[in-house]
Amino acid sequence: MENPQLWSPETPVLYQAVSKIYVDGKLTDTYTTRFGIRSIEFVADKGFFLNGKHRKFQGVCNHHDLGPLGAAINVSALRHQLTLLKDMGCDAIRTAHNMPAPELVSLCDEMGFMMMIEPFDEWDIAKCDNGYHRYFNEWAEKDMVNMLQQYRNHPCVVMWSIGNEVPTQCSAEGYKVAKFLQDICHREDPTRPVTCGMDQVNCVLDNGFAAMLDIPGFNYRAHRYEEAYQRLPQNLVLGSETSSTVSSRGVYKFPAERKADAKYEDHQSSSYDLEYCSWSNIPDIDFAQADDHEWTLGQFVWTGFDYLGEPSPYDTDAWPNHSSMFGIIDLASIPKDRYYLYRSIWNKQAETLHILPHWNWEGREGKEVPVFVYTNYPTAELFINGKSYGKQTKNRQTVENRYRLMWPHAIYEPGEVKVVAYDETGAAKAEKTIRTAGKPHHIELVPAQKSLKADGKDLAYVTVRIVDKDGNLCPTDMRLVKFKVKGAGSYKASANGDPTCLDLFHLPQMHAFNGMLTTIVQAGEKTGILELEATAKGLQAGKIQIPIK
61 MENPQLWSPE TPVLYQAVSK IYVDGKLTDT YTTRFGIRSI EFVADKGFFL
111 NGKHRKFQGV CNHHDLGPLG AAINVSALRH QLTLLKDMGC DAIRTAHNMP
161 APELVSLCDE MGFMMMIEPF DEWDIAKCDN GYHRYFNEWA EKDMVNMLQQ
211 YRNHPCVVMW SIGNEVPTQC SAEGYKVAKF LQDICHREDP TRPVTCGMDQ
261 VNCVLDNGFA AMLDIPGFNY RAHRYEEAYQ RLPQNLVLGS ETSSTVSSRG
311 VYKFPAERKA DAKYEDHQSS SYDLEYCSWS NIPDIDFAQA DDHEWTLGQF
361 VWTGFDYLGE PSPYDTDAWP NHSSMFGIID LASIPKDRYY LYRSIWNKQA
411 ETLHILPHWN WEGREGKEVP VFVYTNYPTA ELFINGKSYG KQTKNRQTVE
461 NRYRLMWPHA IYEPGEVKVV AYDETGAAKA EKTIRTAGKP HHIELVPAQK
511 SLKADGKDLA YVTVRIVDKD GNLCPTDMRL VKFKVKGAGS YKASANGDPT
561 CLDLFHLPQM HAFNGMLTTI VQAGEKTGIL ELEATAKGLQ AGKIQIPIK
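Quick note on the working numbering: the sequence shown kicks off at 61 and runs consecutively.
Hints were generated in silico from the structure; no laboratory data involved.
Wrong hints could be hidden among the right ones.
Stated by the list, open to error - Between beta-carbon pairs, the in silico distance windows are: (1) Asp-189 - Asp-326: 29 to 35 Å; (2) Phe-95 - Pro-438: 39 to 45 Å; (3) Gly-426 - Asp-189: 53 to 59 Å.
Note that beta-carbon positions come from the ideal geometry of N, C-alpha and C, so glycine has one too.
Please work from the sequences and hints to get the whole structure.
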């Protein structure tokens with residue numbers, strides 16, 4: 061091909077190759093292969109290059125479940141997830157820790173996401189009694205070959221990962237198992253490098269495991285990156301799994317300060333985005349690693365979305381928690397505050413100006429309620445009911461100050477919070493206002509998809525908001541919302557993002573969590589109009605119509 065358009069996250073151009081088989085001059089079979097054209101290069105000390113241009117991975121890890129829909133694949137649900145991640149500025153997906161559905165890989169080709177495909181969470185040494193170690197020796201090569209041959213023609217795939225935090229990494233012969241798997245990758249696909257998500261830094265630096273890999277991938281342990289870079293021959297370091305900051309959407313705890321393994325009676329975590337687990341860290345540390353060292357390849361954040369299971373930090377006292385709090389986006393596909401922190405760093409094409417927390421703090425009048433702002437502008441000024449709390453400018457005083465604007469001593473009084481953002485020249489470029497909400501008045505329904513295909517599968521994700529008479533979100537409302545669907549579609553599921561809520565996803569009702577939840581409706585197989593009504597005690601109902609075409 062002459063002058064082909066190159067595939068990238070920004071320009072996911074795809075072509076088709078048509079293969080035809082003739083027997084005695086007659087066409088007997090036709091096969092169409094979709095492909096893209098791009099180049100990848102990993103250069104010691106310099107980093108990753110896509111089509112000759114240096115870039116860092118702005119990636120997330122995702123488990124395979126689709127929240128309230130479960131693990132069965134729905135292309136519409138996957139597309140919705142990827143659309144949210146795209147707007148955040150995410151450009152890469154790590155399939156943690158399983159071979160991905162073909163539908164996901166095809167969507168990443170189409171929508172422009174690079175992929176690290178990873179098949180195993182354990183090898184020959186067990187993490188749990190009923191794990192893959194029971195089949196590894198007999199099936200590992202067969203499974204790897206199937207995966208590699210299935211996905212090696214996809215332009216979105218830029219590297220293979222052979223495992224995640226496998227106990228084998230610390231065994232004396234562990235590097236031999238890793239080499240066995242890496243050699244399979246090289247044999248079946250010599251065009252892409254191989255990594256592994258390693259979490260036992262002392263072991264893998266000392267026993268040859270990390271040195272043997274094409275790309276050393278480290279899960280967390282960002283403070284050890286410099287040491288790994290100095291000791292390993294690759295002169296590159298990948299953040300194969302990073303952050304694991306925990307937060308519950310719309311929940312804020314005081315004081316707002318860095319805390320490891322913080323636990324509360326309500327089994328939630330604070331959305332000031334300063335809480336994490338014993339092994340992990342706040343996002344700002346990973347941003348700094350990417351910004352300060354050319355030899356770091358970027359990161360894959362744990363995780364893009366909350367998922368069922370692993371309710372850290374409430375591991376040993378979990379009930380009633382049933383889902384994670386690691387997600388940048390909650391189980392209901394509603395972005396948390398942290399989404400806008402990542403967006404302010406990663407999405408270079410869009411303006412970000414986000415204020416937290418909400419401003420309904422009855423009982424805290426006259427007390428400090430820290431205000432944080434996530435923005436791609438360097439400076440902002442805070443006003444509370446017209447009173448200026450001064451300007452803040454990003455700086456290197458602390459790692460948080462590099463990426464957040466913070467007013468830790470803001471005093472709460474009901475009313476209006478306004479932020480004005482300024483560019484490098486001092487010119488005012490944007491402003492945003494949030495207000496203390498009044499009495500809950502009505503239900504607002506906001507569909508992410510404005511119309512659906514009449515294929516019996518297409519989904520609309522509808523954000524349900526409890527608002528006052530002026531449309532301000534009521535950020536502490538937890539009342540039960542009930543749904544009715546009629547016309548050319550059906551009710552599918554609901555979720556609210558509350559890791560402690562035991563409402564059943566499949567029933568047409570769900571409690572709000574801090575004023576919001578999501579309900580999902582599904583198109584039928586005939587064209588027409590789908591009508592959704594949401595009701596709750598004491599509120600005016602919300603109604604919308606979605607065309608099914």
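These are the hints, each one checked on the structure:
Hint check: Asp-189 to Asp-326, Cβ distance near 33 Å, so the stated range 29 to 35 Å holds. Evaluation of the 39 to 45 Å hint for Phe-95 and Pro-438 yields a pass: the beta carbon distance comes to about 42 Å. Here the CB-CB span from Gly-426 to Asp-189 is close to 56 Å, well matched to the stated 53 to 59 Å.
Comparing the model with each numbered hint stated earlier shows that all of them hold.
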